[in-house]
Amino acid sequence: MNFTLKIWRQKDSASKGELTTYYTSDITSDMSFLEVLDKLNQELIKRGDDPVAFDHDCREGICGSCGMYINGRSHGPQRGGASCQLHMRSFKDGETIVVEPFRAKGFPIIKDLVVDRSAFDRIMQAGGFVSVDTGGTPDANAIPIPKKIADVAMNAASCIGCGACVAACKNSSAMLFVAAKVSQLALLPQGQTERKERVIAMLAQMDKEGFGSCTNTYSCEAECPKEISVTHIARMNREYLKAVLS
Amino acid sequence: MKLDAQIPEGPIEKKWDLHKFNLKLVNPANKRKYHIIVVGTGLAGASAAASLAELGYKVTAISYHESPRRAHSIAAQGGINAPKNYPNDGDSIYRLFYDTVKGGDYRAREANVYRLAQVSNSIIDQCVAQGVPFARDYGGLLDNRSFGGAQVSRTFYARGQTGQQLLLGAYSALSRQIGLGAVKFYGRRDVLDIIVADGQARGVVTRNMVTGLLETYTGDAVILATGGYGNAYYLSTNAKQSNASAIWRAHKKGAYFANACFTQIHPTCIPVSSDHQSKLTLMSESLRNDGRIWVPKKQGDARDPRQIPEDERDYYLERLYPSFGNLVPRDVASRRAKEACDRGRGVGPTKLAVYLDFADTIKRNGRDWIVQKYDNLFDMYQRITDENAFEKPMRIFPAVHYTMGGLWVDYNLMSTIPGLFVLGEANFSDHGANRLGASALMQGLADGYFIIPYTIGDYLARTKFTPMKEDHPAVVDTLSAVDNTIQKLVAVQGNQSVDQLHRKLGRIMWEFVGMSRNAAGLKKGQGEIRKLREEFWKDVKLPGTALEFNQELEKAWRVADFMELAELMATDALHREESCGGHFREEHQTDENEAKRNDKKFSYVAAWEFKGVGTPPKLHKEPLKFEYVTPSQRSYK
Ligand SMILES: Cc1cc2nc3c(=O)[nH]c(=O)nc-3n(C[C@H](O)[C@H](O)[C@H](O)COP(=O)(O)OP(=O)(O)OC[C@H]3O[C@@H](n4cnc5c(N)ncnc54)[C@H](O)[C@@H]3O)c2cc1C
Ligand code: FES
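Those protein sequences? They're chains A and B, same order as listed. One rule links them: number in our numbering = place in the first sequence (from 1) + 1300. One rule links them: number in our numbering = place in the second sequence (from 1) + 27.
Honestly, the hints are just simulated from the structure, not real lab data. Wrong hints could be hidden among the right ones.
[As the list claims (entries may be wrong)] Some, not all, of what chain B presents toward chain A, calculated at C-beta under 7 Å:
hint	residue
1	S78
2	R163
3	S202
4	R203
5	T308
6	F417
7	K419
8	P570
9	F576
[To be verified] Calculated pairs, DSS-like style, for lysine-lysine (alpha carbon to alpha carbon, straight line, at most 25 Å):
hint	chain 1	residue 1	chain 2	residue 2
10	B	K211	A	K1339
11	A	K1346	B	K565
12	B	K211	A	K1508
13	A	K1339	B	K267
14	B	K531	A	K1346
15	A	K1311	B	K267
16	A	K1339	B	K111
17	A	K1339	B	K565
18	B	K111	A	K1346
19	B	K531	A	K1311
20	B	K515	A	K1346
21	A	K1346	B	K568
22	A	K1448	A	K1508
23	B	K531	A	K1448
24	A	K1346	B	K267
25	A	K1346	B	K582
26	A	K1311	B	K515
We put the beta carbon where it would ideally sit given N, CA and C, even for glycine.
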């Protein structure tokens, strides 16, 4: 297979970036999209050019490093997977593929496709935890949790923090990311004590980081590699209302 | 220096309690005066940093990841062990201890393993309290499954994402401490060397990966929780960035490296498909609970597996090991798969694969049952291979997965450099020559939550510290040595990319220091590694400069270190004239091709002292005593 790649190149956060065109050939359908970038980079290095910078690590869709905006969609054309899980069989031979970083005010560009997502960490630091110290906790089976509830909590907890939801949203809202954590802990008995403070603090931090608000377009859910449901946003909204009203 | 493992006196079940009682304590008000530097924020590092900060210590945590949540630990799928005995199937601390010592083929320290089994129950309690959503049964209680090497169900799991959920738990505890100001976290910082002043570990030199600037961080003790070194083989199931640099640099500064050759080759990975392959993907071993492994009886049988009748299939693990069947330990399962392929019975396009078949389970329990239990694994398999494992058996092949070797540590998790502690996969401590499934997560969290918080206090309380300043000669010298090496790397301007050279190293390692080894091959491997190392320093090509975001430079530093570590792995494998666990020497096998240990000569930990690049390292032996579990030929029949 052969492809034309248009890739966002930007030297550093202060520079202006632009789309640069590259041609790749000898691609097989079982290669992953990141392996195509690897191959391109090998060629660029050979020619003495600067390789394309991109974040990646696990290459199996769980670490959340590899956020890329491919052909106008977070993580590209396939549903329910991260960029590293995208294989070339998802594209047509000869296609032009446009690759850009996840764009949002809350995610400043570091270089090329690499963005700074530490805003997500700061939202977590504001309240994305249960305040228990190590040691002195009760037996794990002391609190039974109905399987149904545990399963929904697990759905929410499977968020990989990649930022696809933010990049997909026209308002650059981080609601799905925040809701996934708020919802997980609101569903579980362990999260009850700090339920109100948590939702207020996390949302306040989200605003402070410059993420937009939610206008229910649901593109976050459509692009989430873990297919996290927007019902968690609804749950968070209820949590928030209850918290501020009481 | 004589190795002293500091193993406490007393009966095994009392050792840890007695030891804790004898440890010196730091008074609560004094804790904030001590500054601890934690390198690595995977399971081991994040749990340690959070727990130490909760106690009141001043903590700096450093990682090359942008966020702790991206550490390699996130990828662990299958589960974590604890002998809670919830299923009432006869489990106990003693049984977990016994299984782990035996599973490690009698090359681990009894006292450490016992302690690990002892604290593992608290890990589950801790994680549940943090809100980790482990799988539950319909009564709302925690569910368990079984893993290779065990005949009881003691593995706790969260779908196929156990590592993710445990790491997010530790990350949330760490985030809380960062929010409170008790931990300072520095992400996108690569630790390139350890600062040792007056014989004590006092800090690290880092490269800010965004700006390229070198920085130093100093404190009273340093913890390395930097993970394993499986990427020495280039292709492995480890995350792409996992590397050995922090522990290797510490080794060069005086920390002994133990059992470097003990590598685990995992039996259930997706086979290599082409030369472009950048990494290998694990299919959790938990699949062996419900999948049956087989190859065609006939050599070169290329029929669709579904067309091969029952009596023309060889379910070789069930045949050879009737009592453990498909659940034999990893080393055994991997070797038998390789053997089947070596005998021409491999399957798939490359003939380097065996089948893992779920047809019987689907018939028995239905497809939904499988979806509930393993859904994302079947998904993952389909995404990569474009095949549906509900309809056609999976193809699997062994791949490098985990390194049991690592920096030598005593019972307190301290290396041979005073003040340098090593946790998680980075140390050598608990798994002997073969790690059982679901026990790395257990060990990482045991080290971080429940061991280091006690043992580091004892060191701090007993030690006199002189203040460390930026202009201390140890700081200045280490910084300039790092800078020189970087300049040297950038100046080579050769013709080969880092990846090209790394792939070459991987091929040498897989061929000569891989799943089965022999003296002639190991010697040849050593020579080739040396040659390749020279080639690296003459011919590596780096784009850009050191003072910018430069991923090729990051890789080059790591690969340069792998080139040195690789030689130690071969040296260690060559010296160990026996087979044990994951270390299989072809010269030493039983008539039934099982690993044949030599307890008389090799019942020790091999701890190597660095003597210079290209100079043979010096061997120190820590004898292993077995007072509880009597070493015997491991039998899974
Ligand atoms: C695919 C896969 C599945 C697995 N499944 C299981 C399982 O089901 N059960 C089980 O028990 N085990 C499993 N394991 C093994 C287990 O996941 C690992 O052994 C364990 O997570 C290692 O944890 P760690 O904290 O020691 O290191 P890691 O999680 O690797 O963390 C290392 C940390 O150190 C940092 N670091 C490293 N070097 C430097 C440096 N020089 N400078 C700055 N920072 C640095 C990294 O940024 C990271 O934060 C699995 C492993 C793999 C590969
Ligand atoms: S590289 Fe980890 S999610 Fe893609």
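Structure-based check of all given hints:
1. S78: Holds, about 4 Å.
2. R163: The hint holds - B/R163 has a Cβ within 7 Å of chain A, the shortest such distance being about 5 Å.
3. S202: holds, 4 Å
4. R203: holds, 4 Å
5. T308: holds, 5 Å
6. F417: Violated - the Cβ of B/F417 stays beyond 7 Å from chain A, reaching only about 17 Å at its closest.
7. K419: Violated, because the Cβ-Cβ distance from B/K419 to chain A comes to roughly 16 Å (cut-off 7 Å).
8. P570: Holds, because the Cβ-Cβ distance from B/P570 to chain A comes to roughly 5 Å (cut-off 7 Å).
9. F576: holds, 4 Å
10. B/K211 - A/K1339: Cα-Cα ~38 Å, so violated.
11. A/K1346 - B/K565: At roughly 16 Å apart (the allowed maximum being 25 Å), B/K565 and A/K1346 satisfy the hint.
12. B/K211 - A/K1508: holds, 20 Å
13. A/K1339 - B/K267: Distance of about 15 Å is within 25 Å: holds.
14. B/K531 - A/K1346: holds, 17 Å
15. A/K1311 - B/K267: holds, 23 Å
16. A/K1339 - B/K111: violated, 49 Å
17. A/K1339 - B/K565: holds, 23 Å
18. B/K111 - A/K1346: violated, 56 Å
19. B/K531 - A/K1311: The given pair, whose Cα atoms are some 31 Å apart, is violated under the 25 Å limit.
20. B/K515 - A/K1346: The given pair, whose Cα atoms are some 20 Å apart, holds under the 25 Å limit.
21. A/K1346 - B/K568: holds, 8 Å
22. A/K1448 - A/K1508: violated, 35 Å
23. B/K531 - A/K1448: Between B/K531 and A/K1448 the Cα gap is close to 50 Å, so the pair fails against 25 Å, i.e. violated.
24. A/K1346 - B/K267: holds, 21 Å
25. A/K1346 - B/K582: With a Cα-Cα distance of about 16 Å, the restraint between A/K1346 and B/K582 holds, given a limit of 25 Å.
26. A/K1311 - B/K515: Given pair A/K1311, B/K515 holds - Cα atoms ~24 Å apart, limit 25 Å.
Violated hints for the displayed structure, listed by number in ascending order: 6, 7, 10, 16, 18, 19, 22 and 23.
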